[in-house]
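Line order of the protein sequences matches chains D and R.
One rule links them: number in this note's numbering = place in the first sequence (from 1) + 9.
One rule links them: number in this note's numbering = place in the second sequence (from 1) + 107.
Where hints are given, some of them may not hold.
Computed footprint of chain R on chain D; a stretch qualifies when at least three of its residues, placed anywhere within it, have a C-beta under 8 Å from a C-beta of chain R [what the hints assert, rightly or not]:
#1 190–204
#2 237–248
#3 252–259
#4 301–311
#5 340–348
On the chain D side, residues computed to face chain R include the following (Cβ under 8 Å) [to be verified]:
#6 T54
#7 I55
#8 Q185
#9 F294
#10 G295
#11 R420
#12 M423
#13 R425
Please keep in mind that the hints were generated in silico from the structure rather than gathered at the bench.
The beta carbon of each residue, even a glycine, is placed where N, CA and C say it ideally should be.
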Amino acid sequence: MPHTRYLVVGASHAGLEAVTAIRHWDAEGSLTVLSREAHRPYSPTILPYVVSGRSRPERVALKDAAWFEARKVDLRCGEEVVSIDTAGAVARTASGTEWRYERLLLATGAAPAVPPVPGLADVRFHVLRTLDDALALRDAGAGATTAVVLGAGLVGLHAAEVLAKAGARVAVVERQAHALPGYLDAPAAGIVEAAFRDRGIALMTGRTVSSVQSRDGRPVSVTLDDGGTLPADLLLVGTGVRPATGFLEGSGIAVGQGILVDDTMRTNIADVWAAGDVAQARAFFGAAPIVNGILPDAVEQGRIAGMAMAGDPALKPYIGGLPINTFPFFGRHAVSVGIAGEDDPSVEIHRRLDARAGLYSRLSLKDGRLIGVCTVGMPIDAGVMWQLISRRVDLAPVKQDFVVAPLDTGRALMSRLWR
Amino acid sequence: MPSYETIAFRAQDCDGCMKCVTACAQAKSGADDPAQSRIQILGAAGKWELALCRQCGDPKCVSNCPSAALAKDAETGVVAWDADRCVDCLLCTVGCAYAGITRDARVGHVSKCDLCDGDPACVKACDRGALTLNTAARIHRRAAEREDLFAPGLAACQGCNSELLIRHTLRHVGPNTVVATPPGCIPGMGTVGYNGRTGTKVPVFHPLLTNTASMLTGIKRYYKRVGRDDVQVLALAGDGGTSDAGFQSLSGAAERDEPMLYICVDNEGYMNTGMQASSATTYGSWTSTTPVGERLQGKSTEAKNLPVVMMTHNCSYVATAATAFLEDFYEKLDKAIEVSKTGMAYLHVFAPCPTGWRFGSDRTTDVCRLAVETNFFALWDYTPDAGLTFTRPTGRPRPVREYLAGIGKYRHLSEGQVAHIQATVERKIAHLRRFERTGA
Numbered sequence: 010m011p012h013t014r015y016l017v018v019g020a021s022h023a024g025l026e027a028v029t030a031i032r033h034w035d036a037e038g039s040l041t042v043l044s045r046e047a048h049r050p051y052s053p054t055i056l057p058y059v060v061s062g063r064s065r066p067e068r069v070a071l072k073d074a075a076w077f078e079a080r081k082v083d084l085r086c087g088e089e090v091v092s093i094d095t096a097g098a099v100a101r102t103a104s105g106t107e108w109r110y111e112r113l114l115l116a117t118g119a120a121p122a123v124p125p126v127p128g129l130a131d132v133r134f135h136v137l138r139t140l141d142d143a144l145a146l147r148d149a150g151a152g153a154t155t156a157v158v159l160g161a162g163l164v165g166l167h168a169a170e171v172l173a174k175a176g177a178r179v180a181v182v183e184r185q186a187h188a189l190p191g192y193l194d195a196p197a198a199g200i201v202e203a204a205f206r207d208r209g210i211a212l213m214t215g216r217t218v219s220s221v222q223s224r225d226g227r228p229v230s231v232t233l234d235d236g237g238t239l240p241a242d243l244l245l246v247g248t249g250v251r252p253a254t255g256f257l258e259g260s261g262i263a264v265g266q267g268i269l270v271d272d273t274m275r276t277n278i279a280d281v282w283a284a285g286d287v288a289q290a291r292a293f294f295g296a297a298p299i300v301n302g303i304l305p306d307a308v309e310q311g312r313i314a315g316m317a318m319a320g321d322p323a324l325k326p327y328i329g330g331l332p333i334n335t336f337p338f339f340g341r342h343a344v345s346v347g348i349a350g351e352d353d354p355s356v357e358i359h360r361r362l363d364a365r366a367g368l369y370s371r372l373s374l375k376d377g378r379l380i381g382v383c384t385v386g387m388p389i390d391a392g393v394m395w396q397l398i399s400r401r402v403d404l405a406p407v408k409q410d411f412v413v414a415p416l417d418t419g420r421a422l423m424s425r426l427w428r
Numbered sequence: 108m109p110s111y112e113t114i115a116f117r118a119q120d121c122d123g124c125m126k127c128v129t130a131c132a133q134a135k136s137g138a139d140d141p142a143q144s145r146i147q148i149l150g151a152a153g154k155w156e157l158a159l160c161r162q163c164g165d166p167k168c169v170s171n172c173p174s175a176a177l178a179k180d181a182e183t184g185v186v187a188w189d190a191d192r193c194v195d196c197l198l199c200t201v202g203c204a205y206a207g208i209t210r211d212a213r214v215g216h217v218s219k220c221d222l223c224d225g226d227p228a229c230v231k232a233c234d235r236g237a238l239t240l241n242t243a244a245r246i247h248r249r250a251a252e253r254e255d256l257f258a259p260g261l262a263a264c265q266g267c268n269s270e271l272l273i274r275h276t277l278r279h280v281g282p283n284t285v286v287a288t289p290p291g292c293i294p295g296m297g298t299v300g301y302n303g304r305t306g307t308k309v310p311v312f313h314p315l316l317t318n319t320a321s322m323l324t325g326i327k328r329y330y331k332r333v334g335r336d337d338v339q340v341l342a343l344a345g346d347g348g349t350s351d352a353g354f355q356s357l358s359g360a361a362e363r364d365e366p367m368l369y370i371c372v373d374n375e376g377y378m379n380t381g382m383q384a385s386s387a388t389t390y391g392s393w394t395s396t397t398p399v400g401e402r403l404q405g406k407s408t409e410a411k412n413l414p415v416v417m418m419t420h421n422c423s424y425v426a427t428a429a430t431a432f433l434e435d436f437y438e439k440l441d442k443a444i445e446v447s448k449t450g451m452a453y454l455h456v457f458a459p460c461p462t463g464w465r466f467g468s469d470r471t472t473d474v475c476r477l478a479v480e481t482n483f484f485a486l487w488d489y490t491p492d493a494g495l496t497f498t499r500p501t502g503r504p505r506p507v508r509e510y511l512a513g514i515g516k517y518r519h520l521s522e523g524q525v526a527h528i529q530a531t532v533e534r535k536i537a538h539l540r541r542f543e544r545t546g547a
């Protein structure tokens, strides 16, 4: 039975960052990475760009073989872990190999959450979570004249833009009242929605799909809850993802919405950690732990998990997941960090909106500290804002300047804080 | 991980002229538009701040990039951006706390500093020294290629710069060396060894406080006599062993211009035996023998200006150095090693002592730098032919008060004492200037 000191399951941002962190402290301990993907490690975030053709699939690998070799990492692609025996400290893969580990990181990510729509199970529909999904969607998109996208989230909208540019007539159905729910506030989402509608994409918010009709296993039309129908020779389900935890059944590892972890990303089992989209961890705002499911947080969690696994004394505990998103659309960008706090009367909100020009900015301050920022079409340093929020920097002395010129004031503040 | 060159920013020297910003915009975009500069100066008069890529050792922008468009170049240390792979998603900007990678709307993607292939336009445009290219990495890389001739685990106090100094020095001087370490911190931290083993990988011995220079004279002459004139002799001595009890043998060796390299590590007192004053202890300093009380307010006399004393002996080479300016130290060390083959080279190195002077152990380099920037400890070198040359400008010193402020042994100083020290600093600089060679 192969034995490894560190076993990292999953080779996207959380897993790779953990590898880096482990090697900062332990240059020699045996380290094995198992990836269920046959492809070299890549980021799910790149997939819409593979569909559009902007990224060539052979060039999306996050790290080359030399990177793993230099770090003495044994990378095994196409090895999916199917069960874990935490008592014996053994992970079993689909190929039947059993890996004995000393410290285990689960960074297995998330899988598409497919809604229970009548007829959907009987048709061939697309999702977009793996490179193979992206290649299939790219090929199908080339021949599609009508496409329906379920869900106006990051994946759904991005794919809708790509399909529309490829020539299809595209409709997007979103259950919530506006696009990118949970990511952007209403005015920002309004600008995004207008951009999509201007380009002929039918954006149907506040609607659900009641059934899908098919012929010969292919989707042909989609019926909405208001009785309307949409033609669809391509159907993409982009209604979100959920942590991939099925393989943990019977392992004794505690799972809520995701794998439950403490502030060092450790699970309820002493030698098992989890990070990234599969993990459910402390929230920065609010008491209940969350599955944050964003790339920068996967990096953060992966680094913390790796440091904890290696016993790095420089480890600082996780401060809690903070929503951070960037959304590129038609060459423009929406950026959101933190929360809006619209339902909290003690939050001071400063908005600037020029709907005609598609420009928007919103700053939310509570007790003299930044809790959230959202912009569309305006420059903003998301990383600086993340620092100001997560460090709870007191902005009271510079508040007037900050509200007028958040970019320059934020940069000056961070420069001073770092010196 | 190797060391890399980096752009350093000294906010207090910046006057907000924006020449760096214009230079960057021109160099990188061929435009005068400051928005296209990859370096930004922000804030207001007197408190200028910088937004610029730090070329982080563990860059978050790289970790956040989903398209592998960013990578840290292992050779140059530059975080490099690949236009072909970039998908303009801005996740890199989420990772950067310095606003060092930002989107340039005019070109439709992020842009960041690439250090201009090692010759940054912004640094060349800065005529105030606020931006400098710190090339100390070259020294560390060179040092890393050579064997560390001290044993690991020397027991210096936390924050002491002597260990840094002696490891660098011996790496540079090389293995064909005999080292003398008279009583003081340097043998005290373990260089002469424990349990019958030395703390060095070269011969080392522990002379008396009084006879370091005469013993090295004898050793060098012996080796010369047996045909081993290539053996380098090196003293690593404190200011007590140099300026007080060791002075007569040192003076004799200097008078004869004996071939040796003598390094005085000056922490202004007997810091390993309980912080007693030496003749190198500066005016106003608290020590256990110059206490602060009703009558005495620290040391009442000036320090002996030993580097100047040595300059007026017959040495072939005399220089001062400080570890906050390692490149300067290395240049002088190179000269000193060369000179010491035929004559005496004396290096006087400033060594702020966190334990004895009472400042935070994380501040040693800051204290060292401030001493130089206030002209409290000027950097110069001297040869009989070329005279004295200042190796760092002394024309625009900071007030000496800034140096004194953070150091516990000066905490009690009255305004009058501070003014006295300021006047002494100015007088000493004026005195040194008289040794500068003037004209062509």
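Structure-based check of all given hints:
1. 190–204: The restraint on the region 190–204 of chain D is violated, since only 0 of its residues have a Cβ under 8 Å from chain R and three are required.
2. 237–248: violated (count 0)
3. 252–259: violated (count 0)
4. 301–311: Held - the region 301–311 of chain D has 3 residues with a Cβ nearer than 8 Å to chain R, which meets the minimum of three.
5. 340–348: holds (count 4)
6. T54: holds (4 Å)
7. I55: holds (5 Å)
8. Q185: With a minimum Cβ separation of about 23 Å from chain R (threshold 8 Å), the hint on Q185 (chain D) is violated.
9. F294: violated (17 Å)
10. G295: Since chain R brings no Cβ nearer than about 21 Å to G295 (chain D), farther than 8 Å, the hint is violated.
11. R420: At about 4 Å, which falls below the 8 Å cut-off, the nearest Cβ of chain R leaves the hint on R420 (chain D) intact, so it holds.
12. M423: holds (6 Å)
13. R425: Holds, about 6 Å.
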